[in-house]
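Enquirer: Here are the chains, one letter per residue:
2 protein chains.
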Amino acid sequence: MKQSKLFTKTRKEAPKDEVAKNAQLLIRAGFINKELAGVYSYLPLGLIVLNKINNIIREEMNAIGGQELFLTTLQDKNIWEKTGRLSDEVVNNWFKTKLKNGGEVPMAFTHEEPITNLMRNHLHSFRDLPVFTYQLQTKFRNEERAKSGIMRGREFLMKDLYSFCRDVEEHNRFYEDAKQAYFKIFKRVGLGEKTYLTFASGGVFSKFSHEFQTLSVAGEDLIYVCDQCHLAVNKEVLTEQPTCPGCGNKDLREEKSIEVGNIFTLGEKFSEPLGLTYINEKGEKQNVFMGSYGIGPGRLMGTIVELFADEKGLVWPEAVTPFKVHLLQIGVSAKVKEKAEALYEDLKQQGVAVLYDDRELRPGEKFADADLLGLPWRIIISEKALEAGLFEVKARTVEKAEVIKEKELVSFLTKK
Amino acid sequence: MKQSKLFTKTRKEAPKDEVAKNAQLLIRAGFINKELAGVYSYLPLGLIVLNKINNIIREEMNAIGGQELFLTTLQDKNIWEKTGRLSDEVVNNWFKTKLKNGGEVPMAFTHEEPITNLMRNHLHSFRDLPVFTYQLQTKFRNEERAKSGIMRGREFLMKDLYSFCRDVEEHNRFYEDAKQAYFKIFKRVGLGEKTYLTFASGGVFSKFSHEFQTLSVAGEDLIYVCDQCHLAVNKEVLTEQPTCPGCGNKDLREEKSIEVGNIFTLGEKFSEPLGLTYINEKGEKQNVFMGSYGIGPGRLMGTIVELFADEKGLVWPEAVTPFKVHLLQIGVSAKVKEKAEALYEDLKQQGVAVLYDDRELRPGEKFADADLLGLPWRIIISEKALEAGLFEVKARTVEKAEVIKEKELVSFLTKK
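These protein sequence lines map, in sequence, to chains A and B.
So the first sequence is numbered by numbering that gives the first Met the number 0: it starts at 0 and just counts up by one.
So the second sequence is numbered by numbering that gives the first Met the number 0: it starts at 0 and just counts up by one.
I should point out that these hints are in silico values taken from the structure, not numbers from a laboratory.
Keep in mind that this is a model prediction, so the values were computed, not measured.
One thing to keep in mind: the hints can contain errors.
Put simply, identical chains are the same to the list, so a pair is met inside one copy or across any two.
[Unchecked claim] Once the Cα atoms are required to be at most 25 Å apart in a straight line, the calculated DSS-like pairs of lysine-lysine come out as:
#1 K1 to K365
#2 K281 to K8
#3 K178 to K311
#4 K51 to K138
#5 K97 to K138
#6 K76 to K399
#7 K99 to K15
#8 K138 to K76
#9 K146 to K99
#10 K146 to K414
#11 K383 to K334
#12 K255 to K393
#13 K97 to K76
#14 K334 to K415
#15 K414 to K51
#16 K383 to K399
#17 K138 to K99
#18 K347 to K95
#19 K404 to K249
#20 K186 to K281
Whenever a hint applies, use it, and build me the whole structure from the sequences.
Expert: Printed below as a string of structure tokens:
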């Protein structure tokens with residue numbers, strides 16, 4: 000797209016009350032807008048990144064048999080009463096609102112209750128199981144503090160998958176599939192190496208649940224990492240000396256980290272009180288055995304910013320960048336404009352996503368904006384380049400530009 | 000997809016308190032689930048339809064220069080105070096909630112205020128205008144009654160576009176573009192012929208606003224239709240004898256109709272109180288001139304159901320159907336199964352979206368389900384068909400099946 004048409008402008012300063020690096024940079028670059036503490040709008044560039052993350056998640060959820068649906072924010076309080084979670088004393092971060100007739104309407108902070116209740120219309124026999132459903136839907140959580148930018152919001156997007164199985168064996172098989180799908184997602188968005196499967200507290204039906212923790216100084220969690228088997232333990236479950244649950248290694252590193260995903264064995268915790276049963280092969284009524292699996296796409300986006308951004312601005316991995324190439328037209332002569340325009344069209348034709356900075360600004364401003372926006376590849380079209388028939392192509396993550404012949408430019412970028 | 004894998008089941012009866020035909024059929028067919036009156040979840044088949052409608056809208060909004068963003072539900076009450084709309088006496092369908100510290104947080108029933116406020120960071124000069132932004136985002140409206148199914152919900156998806164122009168002339172040019180884009184959308188989803196540009200009450204800055212009304216007995220509006228120029232007038236603006244605003248014709252038909260879209264000239268109604276200004280060519284500060292343009296994708300889906308469904312069930316136009324073909328395997332012999340499976344793979348290879356009913360059910364149940372789900376084309380694979388080398392292909396909207404040779408089947412369907 001042409002940058003002169005993009006309505007968002009960069010800014011030198013983020014709002015004074017914004018302390019998180021991810022939000023500061025994303026606001027300055029025009030990717031998001033702060034509406035309230037912990038409540039952010041996504042502007043065009045930010046929405047492209049978010050949708051790319053969403054689509055990677057979708058592909059991996061579909062690959063393990065997930066069926067997408069879309070539940071609601073407004074909730075029937077009766078079903079939450081049945082599981083004992085309606086009370087503010089049990090769940091301390093509810094947002095609630097009221098119908099005109101005065102009836103209380105809670106706003107979903109998660110969706111175990113409505114999905115379990117809904118499934119009663121669709122699951123009857125062992126032949127109907129297993130079933131895996133997921134959604135990308137907004138959650139509302141009334142956080143006391145919201146100082147981590149898009150990594151912990153009061154209103155935020157969540158991918159939540161729910162599994163419905165006959166028994167713990169069937170459940171365990173899917174749980175492993177989900178674990179592998181999560182690793183694929185983190186790898187694809189560029190967080191693979193720094194993300195650890197982490198043992199956390201389990202709840203009623205299992206000793207542990209599993210988190211996926213990405214090492215970062217911006218993290219709110221503390222984990223103990225085993226370098227021998229790429230596993231970690233969350234500090235919250237430690238009672239004595241940190242020990243690797245994989246190999247028994249006691250020589251673990253303490254690290255700050257961001258929880259980028261979690262998977263839970265729920266067992267019959269929700270199916271029992273809500274009456275989600277099926278008839279097994281012997282004609283007996285059984286509770287459905289459930290699991291839940293969460294990833295926050297916005298939190299992933301914030302984590303990517305925290306990990307890769309540098310002092311000049313954002314740095315996007317190729318898989319989630321809003322555009323692959325930032326084409327900078329330096330100078331306003333007809334010749335430069337014509338060449339930049341032609342290259343822009345050529346790259347688009349080849350399927351390369353390009354942001355073309357056709358604005359009439361000083362070169363220094365264009366370079367600063369390009370660094371702040373953080374697209375992977377920058378190309379400069381200037382008088383000098385045209386005379387030499389050579390173009391400067393620079394990766395966002397290196398200092399030095401490569402010089403490439405005009406006719407080799409498109410193939411250089413399509414191969415990258 | 001294989002129907003044995005689809006978790007949703009059809010039902011013979013809709014919930015007793017559901018009076019709208021669209022919701023009754025969509026619930027029975029497993030496309031949606033009722034959470035509360037006016038609050039519906041979208042299940043896999045329903046979500047495919049909704050996303051197809053969303054994508055048609057997106058394409059047409061992008062074609063007129065729209066830039067997509069994603070605003071929030073939770074709102075800063077201060078900006079709504081500035082326009083005088085925070086009060087429940089002014090806006091009678093607010094949902095509001097509270098932060099933990101007690102601060103009131105209204106939930107967006109529309110987004111003029113936040114988008115206008117946000118634009119103050121991005122629009123400064125006449126060179127920055129015009130700008131057109133849109134989103135597909137959930138709205139919350141505290142309706143007293145919610146009896147129209149997905150056509151009028153308390154929580155529902157809305158496409159809302161906002162235009163920002165230098166002056167009324169620039170605005171009027173875009174307003175015409177938007178009008179044409181809306182006609183294209185209604186035509187593409189199959190509602191073109193029955194949808195009328197309708198003059199409705201205008202508000203402060205113009206005598207009229209424009210609605211798009213689709214004729215339907217399920218409609219809540221009354222309009223007067225001019226057959227000479229395919230225009231209509233909403234009853235709400237009539238003071239005397241109905242007269243066509245196009246040709247002056249006084250011989251108009253009264254019709255019930257559904258409002259499927261509306262476009263408004265807002266002028267300076269929001270830019271003035273919120274201080275959204277720009278510097279014009281002469282260096283003078285001016286208020287930005289705005290418009291807003293709404294379509295409810297869920298309401299469109301509900302309207303499609305109301306218009307096309309028959310006594311047997313849903314009927315989907317090709318552009319929004321969840322699958323093009325419903326492939327019914329009748330009988331369970333190895334030969335029938337093998338042939339059905341092969342045809343399923345073949346059609347998928349050719350890019351035809353197929354729902355393959357591979358379930359072990361009686362033929363009557365399969366036929367009834369196929370009618371209820373309403374996919375455009377039904378193919379039957381049975382022993383009889385295999386012996387004859389001929390397949391029955393039936394359009395959902397006709398009684399009689401066509402008989403087609405096996406080798407011509409795929410090309411018949413890909414050409415349709």
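Enquirer: Tell me, in ascending order, the numbers of any earlier hints that this structure violates.
Expert: 3, 6, 10, 12, 14, 18, 19, 20
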